[in-house]
Each structure stands twice: as structure tokens, then as C-alpha cells.
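Once you've looked at the hints, go ahead and assemble the two chains, each given alone in its own frame, into the complex.
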Amino acid sequence: MSVLDKVKLWGLKKSPWVYHVNTGACNNCDIEVLELLTPRFDVERLGVLLACSPRHADALLVTGICTRQARPRLQEIYRQTAKPCLVVCLGACACTAGIFHDAWHFAGPVDEVIREVDPDAKIIYIPGCPPKPEAMIAGIAKALQDL
Amino acid sequence: MAEDLEQTIQRLKELAGDVPLGWDRPRPKRVYIAVDKKDAREFARMLFEDFGARFATATGTDIGEELEVVYHFECDAVGLVINMRERTPKGDPVVPSITPVVPAADWIEREMNDLVGIVFDGHPDPRRLILADDWPDGVYPLRRDKKNDA
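Residue numbers (my numbering), protein chains in the order written: chain A, 1 to 147; chain B, 148 to 297.
Honestly, the hints are just simulated from the structure, not real lab data. Accuracy of the hints is not assured; some may be wrong.
Said to hold, decoys possible - Computed list of lysine to aspartate or glutamate pairs in EDC-like fashion (alpha-carbon distance at most 20 Å, straight line):
#1 K294(B) - D120(A)
#2 K293(B) - D102(A)
#3 K184(B) - E212(B)
#4 K237(B) - E212(B)
#5 K184(B) - E213(B)
To be verified - Some chain A residues judged to face chain B by a derived CB distance under 10 Å, without partners named:
#6 T67
#7 R68
#8 Q69
#9 P72
#10 A107
What the hints assert, rightly or not - Residues of chain A placed beyond 10 Å of chain B at every Cβ, according to the derived structure:
#11 K6
#12 V7
#13 C26
#14 D30
#15 A51
#16 R55
#17 Q80
#18 P84
#19 T96
#20 P109
#21 I123
#22 I124
#23 P133
#24 A141
Computed from a predicted structure; not experimentally measured. For every residue, glycine included, the Cβ atom is placed at its ideal position computed from N, Cα and C.
Bound conformation, chain B alone (with noise of 0.2 Å):
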């Protein structure tokens, strides 16, 4: 018999052991877990190929001092979707790349560098992706402190 919500989730948290910083359940079929940027691409490997999840998307956010990247992983048997979130400051805004092992994760991870400034150390192919070819280096659209004069 195919495993249920409950159980997905309790596999879930076999798995990640003691990895993660924090846990948060908002709703039945959605967790957050904050993990370390130093364990986030080997948490990445164990979500996408030992617990089986797709990655969906990843997001990158300016939160203030920090910055947040989110990548989005569903598990589509029982509906769940697992949000691995790390932040890392804006002085140092170096994350390691989770493109090695999700392959799937190249594109979004070149957008996210383009307009929030994220670098991501491990990254294959880094080049710039989304934004014009004249747009200056260095100038982040989706950072708050950038205003727009276009």
C-alpha cells in the first residue's frame, strides 16, 4: 500500500535527522525547513533522489539584511510540498549551487544571480541569463535598495 501524508512525512524526518534548523508545518500539506547554506546541496540531494521529491521551482528574496533562496520541492503522490529555505547575509551573498545534483535547478538558479545579486558557488554554467545584454554588472532589479529611474 502506497504510504500516506503522515507517513511521507515521518519518512521525511527520518531522513533529514538532525540536519535541519528549523521545522514549520503551516498547513497539513506544507513544510518549511530551514537548513544551513553549508548542508543545502547535500539536503537537496537527499530530498531529490533518497526521499524522491520533484523539484518545482526555486525563489530568491531580499529580506532586509539577508537573503532568502526557497527551493520548492513537491512530492506529488500525497500532495506535499517541501520549501528548503537558507539565507546567507547581503555582504556575503554566496550560496552553494544545488544544480550538481538537481539538474533541473540550472536556469533558476542563473535568474536568481541575475536579479537578486545570489552567487552560487558550484554553479556550471553561470552565465547571465534573463537580463539585457547592455544592463550594467552589479545592479540587482529585485534588490530593495534599487530604485528604478528607467
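The shape of chain A in the complex, shown without the other chains (with noise of 0.2 Å):
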């Protein structure tokens, strides 16, 4: 590992900038996405922003099944930003598609659409419908301890 790759994941371990997508969502983990950010969890007191870009991103929060006309807009997003990026599926839906896996607007599970991109792509999966906050924080920073 370069030096350079070193800081990299030096910066992004230290202060992970998440960029939040909705590929489909009910808005309900969206809903505890925004817990997260307030006084009660305040994530940000742990380093964690979130980005306005996808190019200022370490890590996606994708939250939803990917349903077809999203299907091309997270992929485009991924191609975007700065590797290495973590990618969290965030919820039933993200992780497996959950209730929704024979539907017709169903495009194929957050991962694997990832994984089209990137076949080496880090996607770490926080179940739940929706997650608990705690759950995230705990998911993401066990995911940054892998690192």
C-alpha cells in the first residue's frame, strides 16, 4: 500500500463523508437517517458527515430496493466517487429487497447493481425495517475497523 493510499484510508476512517442515496425507499430508513444527525445520536460528533456530492463521498447510504429507473443513477453515482468508497445498504430493502423481491419495478438488489460497477466494491449491509440508529453507527463503525 502506497503511502498515498495510506492517507487515504487514514482520512476516511478518521472522518467517513457519507453521501445518502434513495433508490426506492419508503422514506422510513431515511427517517432514521436524519435521527442520526440529531442531538440524541449526533454521528457528526463522531466524524461523520454528510456530503452534498457523491465526489466528496467515502461512503454511500443507500437506502430502498433498486428499482428500474434508479437502477442507472446509482451506478452513475458510484462511478463517481472518490475509491476507496464503502457502500452501506441500509435496510430490508437495500440488503435482500425484502417484500418487494417480485415486483415489477424491482431492478436487482443494491449489491449486485454495485457490484456491476465495481466487482471488488466494500458494500456492508445493516439490516432492519428500519435500522435503528444504533444499529448504523455500529455498522459503520465496524465496517471502518475492517478497513
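As C-alpha cells, then:
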């Protein structure tokens, strides 16, 4: 690993900037993501910031099943991120497609859609409908430890 | 004094006249009114403007040989829900749009057009609303004969 890569990884682990992508969620996971920013959980104290652009992001927070309309957009957003970039599948829908597995608008699980672009993508799964904010913090902390 | 539930229904019956094909009241605060599709726009205008009901939403259903559209109106003062239902055969899925007289029906009629394939004649803006851009024309996901192969 080059020095530059080490610096990048240090920066990512020190303060992961997160870009939130809704690929067809019911908004419940998104509301729980907002909870993370409220004073009760306040992930900014842990260095996690919501980024305004995928180009600034160290992690994509993907909620919802990947719909037919969202699929090319999710892939494009992943291409635009600076690598290394974590992909966090947040909630039952993003992890497994859940009850929408046979739905007509379903275009593939989030992890497969991402792996089409980058077979070595680092993907982590936080199940739940919606996951608790504690679970999200624990999941991201665990993923950062393993990097 | 504000009119009570029975007075409201009486007024509705007077305004409706002999237009409805059928009239069903399964519960005190729920009225199903079947109308012929050629009367639908005028009946919706009457409910909305003359009777004073609020347009809540509409539903399109594939009921086998026919397609059914149910417009849900509410009369909030007495808690009455009025469902105006009309049917059209699948071979001729054209019903009059009520959007020219009830503007709130705009998007829900476009959605029914997307999902069930009901064509709303006279709709001011009948573009695709919620299906994906690359979705094939003429495939309606909520029709009974549509198989989910994705």
C-alpha cells in the first residue's frame, strides 16, 4: 500500500463523509438517517458528515430496493465517488429487496447493481425495517474497523 | 344549523337525480354510486362543485373482463365518503377524464394510465408519470395478465 493510499484510508476512517442515496425507499430508513444527525445520536461528533456531492463521499448510504429508474443513476453515482468508497446497504430492502423481491419495478439487489460497476466494492449490510440508529452507528463503526 | 348525515345524503340524492345506475350504502357513512362512464365527468363536477365534496383520490382496478375506476370524494363536515365508480371493458379502456372539472385528479389519472392502462379522454397532460423511462409502452404492471418476470 502506497503512502498516498494509507493517507486516504486514514482520512476515510477518521471522518467518513457519507452521501445518502434513496433508490426507491419508503422514506422510513431516510427518517432514521435523519435521526442520526439529531442531538440524541449526533454522528457528527464521531466525524460522520453528510456530504452534498458523491464526489466528496467516502461512503454511499443506500436505502430502498433498486428500482428500474434508479438503477443506472445509482451506478453513475458510484462511478463518481472517490475510491475507496464504502457502500452501506441500509435496511431490509437495500440488503435483500425484502417484500418487493417479485415486484415489477425491481431491478436487482443493491449489492449486485454496485458489483456490476466495481466487482471489488466494499459493501456492508445493515438490516432492519428500519434499522435502529444505534445499529447504523455500530455497523459503520464495524466496517471502518475492518478496513 | 349545519345539516346532519341523513340530510346530507338526502341532498346528495336530490342532486344526483336519476343519473346513478346503482346506489349502495353498506355502512352509514359510506356511499357507493355506480355511474355510466358517459355521465362520469358531469357527475364528478356535481359532487365537487354543487354538492361540495372534497376529492380525496381515485383507484383503478382490473376486475377481470372490465376495468373499474373509483373516485373517492369526502364530505368532511359529516364524515361521509362517496365512491363514484364506473366501469369500462378492457377492449375499450377509455373513460372521460374528470381533471378539467376536478384539477386534483390530474396526477392520479396519469398514474392509473401508467399502471392499469386506463385512458382518460380529455386529460390536459396525459404524459407518463411514475413508470421508469425505459418501461415498454403498452405493458401495464397492475393488469391481471401481467406476469412479473423481472
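Going through the hints against the structure:
This hinted pair does not check out: K294(B) and D120(A) have alpha carbons roughly 34 Å apart, beyond 20 Å. A C-alpha spacing of about 12 Å is found between K293(B) and D102(A), which places the hinted pair at or below 20 Å, so the restraint holds. For the given pair, K184(B) sits about 16 Å from E212(B) by alpha-carbon distance, which is consistent with the 20 Å threshold. For the suggested pair K237(B) and E212(B), the alpha carbons sit about 6 Å apart, so the restraint of at most 20 Å is met.
A hinted pair counts as satisfied when its Cα atoms are at most 20 Å apart, and K184(B) with E213(B) qualifies at roughly 13 Å. Because the smallest distance between the Cβ of T67(A) and any Cβ of chain B comes to about 7 Å, under 10 Å, the interface hint for this residue holds. Checking R68(A) against chain B: minimum C-beta separation of about 4 Å stays under 10 Å; hint holds. A cut of 10 Å between beta carbons decides the hint on Q69(A): the least distance to chain B is about 4 Å, and the hint holds.
The beta carbon of P72(A) is positioned within 10 Å of a beta carbon in chain B (closest approach about 9 Å), and the interface hint is therefore held. For A107(A), the interface hint holds, since its Cβ comes within 10 Å of a Cβ in chain B; the closest pair sits about 7 Å apart. Residue placement check: K6(A) keeps its beta carbon more than 10 Å from all beta carbons of chain B (closest about 42 Å). The non-interface label for V7(A) is consistent with chain B: the shortest C-beta to C-beta separation is roughly 41 Å, beyond 10 Å.
At roughly 15 Å, the least C-beta separation between C26(A) and chain B is larger than 10 Å, which holds for a residue marked as non-interface. Its beta-carbon lying about 19 Å from the closest one in chain B, D30(A) satisfies the requirement of being farther than 10 Å from that chain. No Cβ of chain B comes within 10 Å of the Cβ of A51(A); the nearest lies about 27 Å off, and the non-interface call holds. With a closest Cβ-Cβ approach of about 25 Å to chain B, R55(A) is found to remain outside the 10 Å limit, as its non-interface label requires.
With a minimum CB-CB distance of about 20 Å to chain B, Q80(A) clears the 10 Å threshold, and the non-interface call stands. With a closest Cβ-Cβ approach of about 31 Å to chain B, P84(A) is found to remain outside the 10 Å limit, as its non-interface label requires. The non-interface label for T96(A) is consistent with chain B: the shortest C-beta to C-beta separation is roughly 16 Å, beyond 10 Å. Every Cβ of chain B is farther than 10 Å from the Cβ of P109(A); the closest lies at roughly 12 Å, confirming the non-interface assignment.
Residue placement check: I123(A) keeps its beta carbon more than 10 Å from all beta carbons of chain B (closest about 22 Å). Listed as outside the interface, I124(A) is consistent with that label: its C-beta sits roughly 26 Å from the nearest C-beta of chain B, beyond the 10 Å cut-off. With a least beta-carbon separation of about 31 Å from chain B, P133(A) lies farther than 10 Å from that chain, consistent with its non-interface assignment. With a least beta-carbon separation of about 36 Å from chain B, A141(A) lies farther than 10 Å from that chain, consistent with its non-interface assignment.
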